[in-house]
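Below, each chain spelled out in residue letters.
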Amino acid sequence: MTEKKFTIALAGNANVGKSVIFNQLTGLHQHIGNWPGKTIEKAEGTLHFKGYAIDVIDLPGIYSLSTFSIEELISREYIAAKRPDLVINIVDASVLERNLFFTLQLLELETPMIVAINQMDMAKKKGIAIDHKKLQELLGVPVIPTVAISGVGIYDLLEKSVEIIEGREKIKPVKAKYGKEIEERIEKIAGMVEKPQFKYPARWVAVKLLEEDEQVRKETREINPEIVSAAEKLAREVEKIHGHSCSTVITSERYEVASKIAQEIQEITLPTKPPMTERIHALTTHKIVGYPIMAVSVLSIFYSIFIFGDYTSGFLGDSLFGLKPAFEGMFGTEIVGKLVWGGVMEGIIGGATVALPYILPFYFILYFLEDSGYLSRIAFLMDNFMHKMGLHGKAFIPIMLGFGCNVPGCLGCRIMETTRERLLAAFVVTLVPCAATTVIILGLVGAFVSIQWALALYVINLLIIFFLGRLAFKALPGEPTALIMEMSDYRAPHLKTVVKQTWFRLMEFVKMAFPLIIVGSLVIKIVEILNLLEPIANILSPVTVTWLGLPAITGIALIFGVLRKELTLIMLATLLEPMNFAQAMTPVQMIVFTLVAMLYIPCIATIAALVKEFGWKRAYFITVFEILLALLLGGIAFRLLSIKCLATTVV
Amino acid sequence: MELHLTELRDGEKGIITSIKASHGRGHGGWRAGRGWGLKKRLEDMGLTPGTKIAVVKSAPFRGPLEVYVRGSRLAIGRGMAERILVEVNR
Numbered sequence: 006m007t008e009k010k011f012t013i014a015l016a017g018n019a020n021v022g023k024s025v026i027f028n029q030l031t032g033l034h035q036h037i038g039n040w041p042g043k044t045i046e047k048a049e050g051t052l053h054f055k056g057y058a059i060d061v062i063d064l065p066g067i068y069s070l071s072t073f074s075i076e077e078l079i080s081r082e083y084i085a086a087k088r089p090d091l092v093i094n095i096v097d098a099s100v101l102e103r104n105l106f107f108t109l110q111l112l113e114l115e116t117p118m119i120v121a122i123n124q125m126d127m128a129k130k131k132g133i134a135i136d137h138k139k140l141q142e143l144l145g146v147p148v149i150p151t152v153a154i155s156g157v158g159i160y161d162l163l164e165k166s167v168e169i170i171e172g173r174e175k176i177k178p179v180k181a182k183y184g185k186e187i188e189e190r191i192e193k194i195a196g197m198v199e200k201p202q203f204k205y206p207a208r209w210v211a212v213k214l215l216e217e218d219e220q221v222r223k224e225t226r227e228i229n230p231e232i233v234s235a236a237e238k239l240a241r242e243v244e245k246i247h248g249h250s251c252s253t254v255i256t257s258e259r260y261e262v263a264s265k266i267a268q269e270i271q272e273i274t275l276p277t278k279p280p281m282t283e284r285i286h287a288l289t290t291h292k293i294v295g296y297p298i299m300a301v302s303v304l305s306i307f308y309s310i311f312i313f314g315d316y317t318s319g320f321l322g323d324s325l326f327g328l329k330p331a332f333e334g335m336f337g338t339e340i341v342g343k344l345v346w347g348g349v350m351e352g353i354i355g356g357a358t359v360a361l362p363y364i365l366p367f368y369f370i371l372y373f374l375e376d377s378g379y380l381s382r383i384a385f386l387m388d389n390f391m392h393k394m395g396l397h398g399k400a401f402i403p404i405m406l407g408f409g410c411n412v413p414g415c416l417g418c419r420i421m422e423t424t425r426e427r428l429l430a431a432f433v434v435t436l437v438p439c440a441a442t443t444v445i446i447l448g449l450v451g452a453f454v455s456i457q458w459a460l461a462l463y464v465i466n467l468l469i470i471f472f473l474g475r476l477a478f479k480a481l482p483g484e485p486t487a488l489i490m491e492m493s494d495y496r497a498p499h500l501k502t503v504v505k506q507t508w509f510r511l512m513e514f515v516k517m518a519f520p521l522i523i524v525g526s527l528v529i530k531i532v533e534i535l536n537l538l539e540p541i542a543n544i545l546s547p548v549t550v551t552w553l554g555l556p557a558i559t560g561i562a563l564i565f566g567v568l569r570k571e572l573t574l575i576m577l578a579t580l581l582e583p584m585n586f587a588q589a590m591t592p593v594q595m596i597v598f599t600l601v602a603m604l605y606i607p608c609i610a611t612i613a614a615l616v617k618e619f620g621w622k623r624a625y626f627i628t629v630f631e632i633l634l635a636l637l638l639g640g641i642a643f644r645l646l647s648i649k650c651l652a653t654t655v656v
Numbered sequence: 215m216e217l218h219l220t221e222l223r224d225g226e227k228g229i230i231t232s233i234k235a236s237h238g239r240g241h242g243g244w245r246a247g248r249g250w251g252l253k254k255r256l257e258d259m260g261l262t263p264g265t266k267i268a269v270v271k272s273a274p275f276r277g278p279l280e281v282y283v284r285g286s287r288l289a290i291g292r293g294m295a296e297r298i299l300v301e302v303n304r
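In order, the protein sequence lines correspond to chains A and B.
According to this note's numbering, the first sequence is numbered sequentially starting from 6.
According to this note's numbering, the second sequence is numbered sequentially starting from 215.
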């Protein structure tokens, strides 16, 4: 029996429990990818219900269907052009007004729709009672109350979906009525638009033209430029009447409608004492208390991940390296054996000892914090500080992650709204000294020069980050960064959703990064087998020896460091044998070497993450830039320190 | 009287009169003014003229403002909040 198919798109504001509903619907049959050509995540899944195979698409969480962000553009293109069979609009029961504003816009797209009023339990706690039947009457589409976290209403949603698909339930969506001045003008424009060339409904095009939506204007201009100029004229008339731009007037009036509906269907009885979540909010955003709370939670998270990562990484590495004899038995110790073990397997081990011990817990905590609502409070507290380097509060999170490992840091930049902010934050993240870099700093400079110098290097690194962040912020074109963020009520995260999100993102990373890591380690192994390491070290010697004043052999260590940063130190130790660092290098050399190793390149896993998020070109650009930067600073440091050494003869 | 949102005291309420785009919109649509996208964003989040707004508090060191609008809590960066004009009864 072949199953009939249909597609459902989930749409709604951020923080309404959309991903929980998505997970409740699709279970393990999910696929996380990107929207074509965009760095926006696309989550798809399938489920089987009453003889149907239902594809579910989780659209990004947005507040409007204008073109402020790529997410909004993607969502409306998808709904208008791809025409899913049904849209489920998920609405937060406790913030009805703003959620209904979005619902009204979806209705204007004239797509078959169901409204799910979610988080009914939280609304109840806040003393909000909702008459969902009344809402159904007012909107003209089915309305289903849900509590996604406990699965309430999910079955009803599916049942209703099938009813609509089978045509058993007819829907007559109500259209939002604007004021007289606007309605007249919408009609005029819609009259001109009524042609089959438009993929959008005529009324919607008319509204968007009056709102001076750039995308719709462009598309309309290609069909008939007269419509655009007529609309422009009409929009200016409205501006004259109201004293605000036409787009502001339309947004205002749409909100009026949403507000009226909300007032009609909800009854609010304020609870006598503020709920627990309110008190936690007040504490965690408190002028004084908020910061220590943040510091303690961030540090303890950080510390526990570090301990966990260190232990698991070592354990994983040891057990995987234990396989070496078995591999050598299978493939021999000749060229094939060397390639299989030293190239492929060591690559896999390298990837696995980063991905599982560090990325997995980082992701888990990131989603956990995001889901609970604490992330937005941290952003609130840190906004001013992050502004100093041209970012806003939300960027604090990925940067903090970067101190553990740059990879989750780069991937965590997704929480920023625009591509520009993401790129800026990721750039800063790649400069953050990760755990492996810390090992180099402490293991070389800290152990053999002095702990003060190790700390100084750390501080220098932070200063560089600060300075370059500002510079990149000035250099990159685009909208300035500003924090406009909802701080939705604290809630208990849905553990299953968090686990699934973590798991699917980890898999996505593994698929992207492992091939690159394996190829990288194969290439280096081949170079080693062909005995090209020495010649390459010699070719690099103008840079390493003449410019940086380092032993030629460090060139090889730095090449290996691309695979994993701590390899720079391990390789160096191996290459220098039987001498130890103190015998082979002067303190100045150690400091210069560490400075270069700290900055010179994001490791290959980080490059993979950059490629994944921003494409080859930008990843390449960042990598080359950082190599040049490290060399420049290393050379300068060498000269400065040499002068100082001549003067004092001791470091 | 009309004030910038940032001039309100903690806990004070007002009614939004307008939001200034940083460089004016000018000709050539929304790309002409750098702040226009952000203005649109604020309006889409419910900060339209005539809306009641309450400042709950602001983060220290000239940090963002916590405001209450249309039944939800928002954080707005100080630079952005400066462009929001509010009518207040004092």
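It is possible that part of the hints are untrue.
Listed next, the in silico DSBU-like pairs over lysine-lysine satisfying Cα-Cα at most 35 Å (straight line) [to be verified]:
id, chain 1, residue 1, chain 2, residue 2
1, A, K516, B, K266
2, B, K271, A, K185
3, A, K138, B, K234
4, A, K479, B, K234
5, B, K271, A, K55
6, B, K266, A, K177
7, A, K130, B, K271
8, A, K204, B, K271
9, A, K10, B, K266
10, B, K271, A, K131
11, A, K182, B, K266
12, B, K234, A, K9
13, A, K223, B, K227
14, B, K227, A, K530
15, A, K9, B, K266
16, B, K271, A, K9
17, A, K130, B, K266
18, A, K131, B, K266
19, B, K271, A, K617
20, B, K227, A, K617
21, A, K245, B, K266
22, A, K177, B, K234
23, A, K278, B, K271
24, A, K238, B, K271
25, B, K234, A, K516
26, A, K182, B, K234
27, A, K87, B, K271
28, B, K271, A, K223
29, A, K177, B, K227
30, B, K234, A, K278
31, A, K501, B, K234
32, B, K271, A, K479
33, B, K227, A, K47
34, A, K393, B, K271
35, A, K138, B, K227
36, B, K227, A, K393
37, B, K271, A, K530
38, A, K649, B, K234
39, B, K271, A, K177
Hints listed in this document are in silico derivations from the structure and should not be mistaken for laboratory results.
Determine which of the earlier numbered hints do not hold for this structure and return their numbers in increasing order. 1, 2, 3, 5, 8, 9, 12, 13, 14, 15, 16, 19, 20, 22, 24, 25, 27, 28, 29, 30, 31, 33, 37, 38 and 39
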